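Undergrad: If you read the sequences in order, they're chains A and B. Last residue of the first sequence: 551 in the numbering used here, with the numbers rising by one and none dropped. Last residue of the second sequence: 551 in the numbering used here, with the numbers rising by one and none dropped.
None of these hints come from the bench; they were simulated from the model. Note that the coordinates shown come from a computational prediction; the quantities given were computed from them, not determined experimentally. Do not rely on the hints blindly, as some may be mistaken.
Unchecked claim - Straight line, CA to CA, 20 Å or less: simulated SDA-like cross-link-like pairs of lysine to any residue: (1) A/LYS349 x A/LYS387; (2) B/LYS3 x A/GLN527; (3) B/LYS2 x A/GLN527; (4) A/LYS2 x B/GLN528; (5) A/LYS2 x B/ARG496.
2 protein chains.
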Amino acid sequence: MKKRILIVGGVAGGASAAARLRRLDAGAEIVMLERGPFVSFANCGLPYHVSDVIADEASLTVASPQLFRERHGIEVRTGHEVVSIDAGAKTVRVRVLASGEEVEERYDALVLSPGASPVRPPLPGIDLPGILTLRNIPDVRKIREWIRERGVKRAIVAGAGFIGLEMVENLHAMGIEVTVLEMLPQVMPPLDAEMAWWVAEHLRAKGVTLALGDGVAEFEATESGGLAVRTAGGVRHEGDMVILSIGVRPETGLAKAAGLELGPRGGIRVDDRMRTSDASIWAVGDAVEVVDRVSGQPALIPLAGPANRQARIAAASICGHEARFSGVQGTAICGVLGLTVAATGASEKALERAGEKDYEKVYLHPANHATYYPGASSMHLKVVYRKTDGRLLGAQAVGGEGVDKRMDVLAVFLQMGATVHDLAEAELCYAPQYGSAKDPVNIAGMAAVNALEGLSPLTHWNSVRDGALLVDVREVDEFEEGHAEGAMNLPLSGLRDRWRELPAGRELHVYCGVGLRAHNAVRFLRQQGYAAWNLSGGWKSYAAAKATGKG
Amino acid sequence: MKKRILIVGGVAGGASAAARLRRLDAGAEIVMLERGPFVSFANCGLPYHVSDVIADEASLTVASPQLFRERHGIEVRTGHEVVSIDAGAKTVRVRVLASGEEVEERYDALVLSPGASPVRPPLPGIDLPGILTLRNIPDVRKIREWIRERGVKRAIVAGAGFIGLEMVENLHAMGIEVTVLEMLPQVMPPLDAEMAWWVAEHLRAKGVTLALGDGVAEFEATESGGLAVRTAGGVRHEGDMVILSIGVRPETGLAKAAGLELGPRGGIRVDDRMRTSDASIWAVGDAVEVVDRVSGQPALIPLAGPANRQARIAAASICGHEARFSGVQGTAICGVLGLTVAATGASEKALERAGEKDYEKVYLHPANHATYYPGASSMHLKVVYRKTDGRLLGAQAVGGEGVDKRMDVLAVFLQMGATVHDLAEAELCYAPQYGSAKDPVNIAGMAAVNALEGLSPLTHWNSVRDGALLVDVREVDEFEEGHAEGAMNLPLSGLRDRWRELPAGRELHVYCGVGLRAHNAVRFLRQQGYAAWNLSGGWKSYAAAKATGKG
Chain A
1 MKKRILIVGG
11 VAGGASAAAR
21 LRRLDAGAEI
31 VMLERGPFVS
41 FANCGLPYHV
51 SDVIADEASL
61 TVASPQLFRE
71 RHGIEVRTGH
81 EVVSIDAGAK
91 TVRVRVLASG
101 EEVEERYDAL
111 VLSPGASPVR
121 PPLPGIDLPG
131 ILTLRNIPDV
141 RKIREWIRER
151 GVKRAIVAGA
161 GFIGLEMVEN
171 LHAMGIEVTV
181 LEMLPQVMPP
191 LDAEMAWWVA
201 EHLRAKGVTL
211 ALGDGVAEFE
221 ATESGGLAVR
231 TAGGVRHEGD
241 MVILSIGVRP
251 ETGLAKAAGL
261 ELGPRGGIRV
271 DDRMRTSDAS
281 IWAVGDAVEV
291 VDRVSGQPAL
301 IPLAGPANRQ
311 ARIAAASICG
321 HEARFSGVQG
331 TAICGVLGLT
341 VAATGASEKA
351 LERAGEKDYE
361 KVYLHPANHA
371 TYYPGASSMH
381 LKVVYRKTDG
391 RLLGAQAVGG
401 EGVDKRMDVL
411 AVFLQMGATV
421 HDLAEAELCY
431 APQYGSAKDP
441 VNIAGMAAVN
451 ALEGLSPLTH
461 WNSVRDGALL
471 VDVREVDEFE
481 EGHAEGAMNL
491 PLSGLRDRWR
501 ELPAGRELHV
511 YCGVGLRAHN
521 AVRFLRQQGY
531 AAWNLSGGWK
541 SYAAAKATGK
551 G
Chain B
1 MKKRILIVGG
11 VAGGASAAAR
21 LRRLDAGAEI
31 VMLERGPFVS
41 FANCGLPYHV
51 SDVIADEASL
61 TVASPQLFRE
71 RHGIEVRTGH
81 EVVSIDAGAK
91 TVRVRVLASG
101 EEVEERYDAL
111 VLSPGASPVR
121 PPLPGIDLPG
131 ILTLRNIPDV
141 RKIREWIRER
151 GVKRAIVAGA
161 GFIGLEMVEN
171 LHAMGIEVTV
181 LEMLPQVMPP
191 LDAEMAWWVA
201 EHLRAKGVTL
211 ALGDGVAEFE
221 ATESGGLAVR
231 TAGGVRHEGD
241 MVILSIGVRP
251 ETGLAKAAGL
261 ELGPRGGIRV
271 DDRMRTSDAS
281 IWAVGDAVEV
291 VDRVSGQPAL
301 IPLAGPANRQ
311 ARIAAASICG
321 HEARFSGVQG
331 TAICGVLGLT
341 VAATGASEKA
351 LERAGEKDYE
361 KVYLHPANHA
371 TYYPGASSMH
381 LKVVYRKTDG
391 RLLGAQAVGG
401 EGVDKRMDVL
411 AVFLQMGATV
421 HDLAEAELCY
431 APQYGSAKDP
441 VNIAGMAAVN
451 ALEGLSPLTH
461 WNSVRDGALL
471 VDVREVDEFE
481 EGHAEGAMNL
491 PLSGLRDRWR
501 ELPAGRELHV
511 YCGVGLRAHN
521 AVRFLRQQGY
531 AAWNLSGGWK
541 SYAAAKATGK
551 G
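Please model the entire structure based on the sequences and the hints provided.
TA: As structure tokens, this is what we get:
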């Protein structure tokens, strides 16, 4: 009898698994069962179809059932929901949604790729029409129809994570007035607050209303036929539709009912071959728990790239090939009204939550390419590394062009277990329209190495100690435009003559615009016997942090 | 007595060394001696000032002598040429160019950063006016003046390396008709010929005349006041000016006369602290020999990024700090009329020259981002790795947006000693406008891993063996538009039904458009007992290689 492999779920993980299974086993019978009407569609493109940036719905489909059949000999059954698994008998029960009929299918190997579903908290009014989520093609059709039929002018986006802000991007592009509600006091929860601040400022400048630090409490229909959202803080926001993007939850119902083990985060537990607690069942994608590459802890990190790689490994494992999944570092990116926001690895708050103390961070505001070449724009970059050995732990960036490149470079360094010394040595592409002789990644590394070696120790807005003096080494005109409270102005250009004006015996926390002049000043002052620190990221980072209320 | 540090040469290496020396030693006397009228200018921006893309000459200057003095207490003396070094006495002889006067200066530490000068071969007519090179600000002034005063309409660029093609970019932007002469049979000598072919095709499509595989033999003045270049092959090219960009030579005269050791490539020999054979003399930048990170051999690789890092290390060494230079991998990039060309590590021809046999390569033509998002464009990518263990050796890419990003990612992998397995696992930024769930770098890694593991071994246009059958698995209409000579067409979509039509016992070299369908076909055919290989990069790479005459 032919080996029979069933795949539950036909999107990223399921479709990739099917294709590779076929390549590794030309003879197996491979059947992909998908509850929805579509397989192998591009989840990550859905928000852009709302606004017609991706105008043609068909272009969201990567591979059709026909292509699976003709090219790969894979059978695809859409509208087929797997309702239970009998792991002992190695069968699944399938409901054919069109007829309601149920059939039993046997398997030798079963791959679960059920994904994650948008969280819909059981709040009053949650089922009112016009409160929409976005996960698949029927969802995007519903949103498009709602916008068109209702002539939506104002929308409320609840949840300011990646999907929420991608919806903001697309609704805003359609001329819809957008209000963003977020329970946390910041947008982009994966980022640290002082980095997310740049995103919030950009959104506000583009006319998006932000209501942060206040959760959604209930929904109501308004008299004019719209919707109102009342927050926990008692504020009422009105709009013609609500996009719920407050997170996703792994679809584990089927796995749980079958007796498969779940992990501590509530996802399906798998080993590094993507095998579940049942030896004939593998699971991949948003529903599984992965190992966080930085913390080594189990985590739920729903991302398309890892889902694809997990699928390859599950296929290899099923066919007896050696391959292991090495974990997820959470590299993510989002375009927000011309701004790019990206991150990889651990945020500072994740380290704090884990009780980690052995870390340092560096802030920069470098240009994306040589400033002498026209069109350079600056980005905001935060790099977090282990204080004892300089190992890279994570990075976040906000800016324009070149943010994706630096995040990819940092993601690779993190993957390879690099230290800040490696960042300093990176030999990256340099021509003036692409980068700089010292790339932002080099500068981050050099600043961190200087701190590690004690040459120019770093300090931050939230670690200026009592009794310490803030020294602003910018020129007088810069100082007068805005400076830290209590700071003394002593421009770097006069420092070699005037340093004796600085009080002896006091700790000096030195800052400039972004960090370079302060670095020079700290080096000078340390050689004159002062205990001097460089306030990383300078006035720019200081002001941003103060604005978040964290300063 | 104060420690006295002299620096010879005030551009990238010299200026960086001076600034860091000041940070590490606040008390030293630091004097920078520069023969030319400018210090700390942006070499790499010079071609763009020719065309006014960088309109303001002053913007090419990173730091002025005044800034060095006021901010850093560094003395800068322009127009001061060091004419000899007495290493025993620790003095240099300096000619003040304005007066002709010579003075002696003592040093405790000496840093040489003389750079490299454009090669001007002693050919007949080489000194005719209008045969210009580009190294510094006076050079760019001369070129600008010549173009303006002579009303240049046609220019000849001799040498199709990075600087040559940057000059093409800028001359073309000014509406000047450009002919490029190159002794080698390809443009962009650091690239392999079949990758450079894409650049040549692009240049031709933009109206640039290429004369490859024929060296310059002599220059003449024409009757109409222009210039003519006669090649070794006897072809005559006319133009209103000639830009000579056939390479640079390290400026080692001073070092050699002082008795400093040179390396096998003719550059100043330094250790990994950038110290020369004299314990009080360091050298950095284009004049020194570095260790090639891939081959481990001495090499001359004149690049601004490494020069800056070498300067930091020389400064650290002079001040007693620990730091070592780990070598150069030759990461380079160039914009050519809307195309980006980039490379890192070893080219295939460099490996061949070194007698290296243990390598394999993979070609790809991936899109820069998800194709379902508008504006995706495809690039050409070649990745070279060690066949036995998969270690990354080098990469080359030609294309539009996103080429610089992939090359930086690959450069970091190479720096970190990564294997193709690491490339396959890379977790890079994915949103549809930035990348793909499987990034080009992932795909390169996956293809290489599949080959390494014997799942889908690779073959190439130049390794199709006698008696082997080329099998084209594209659809019939694609095949009919163009295909390899002698190829049999058997579309992947029909392969599972028709594979028995393939002759038993013959090696099959399978190709499709770019490699994916062929991969599926190879996997299928191997499981039916065929010796099948995937022709890497498919018809695109095959056709490009054939066009270079290498097929």
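Undergrad: It remains to establish, for every hint, whether it holds in the given structure.
TA: Hints, verified against the model:
1. Between the alpha carbons of A/LYS349 and A/LYS387 the distance comes to roughly 16 Å, so the proposed pair stays at or under 20 Å and holds.
2. Using a Cα cut-off of 20 Å, the hinted pair B/LYS3 and A/GLN527 holds, with the two alpha carbons roughly 15 Å apart.
3. Restraint check for B/LYS2 and A/GLN527: satisfied, since their Cα atoms lie roughly 15 Å apart, inside the 20 Å limit.
4. About 16 Å separates the Cα atoms of A/LYS2 and B/GLN528, which keeps this hinted pair within 20 Å; it holds.
5. Of the pairs offered as hints, the one joining A/LYS2 and B/ARG496 holds, with about 16 Å between alpha carbons and a cut-off of 20 Å not exceeded.
Hint violations for this structure: none, all hints satisfied.
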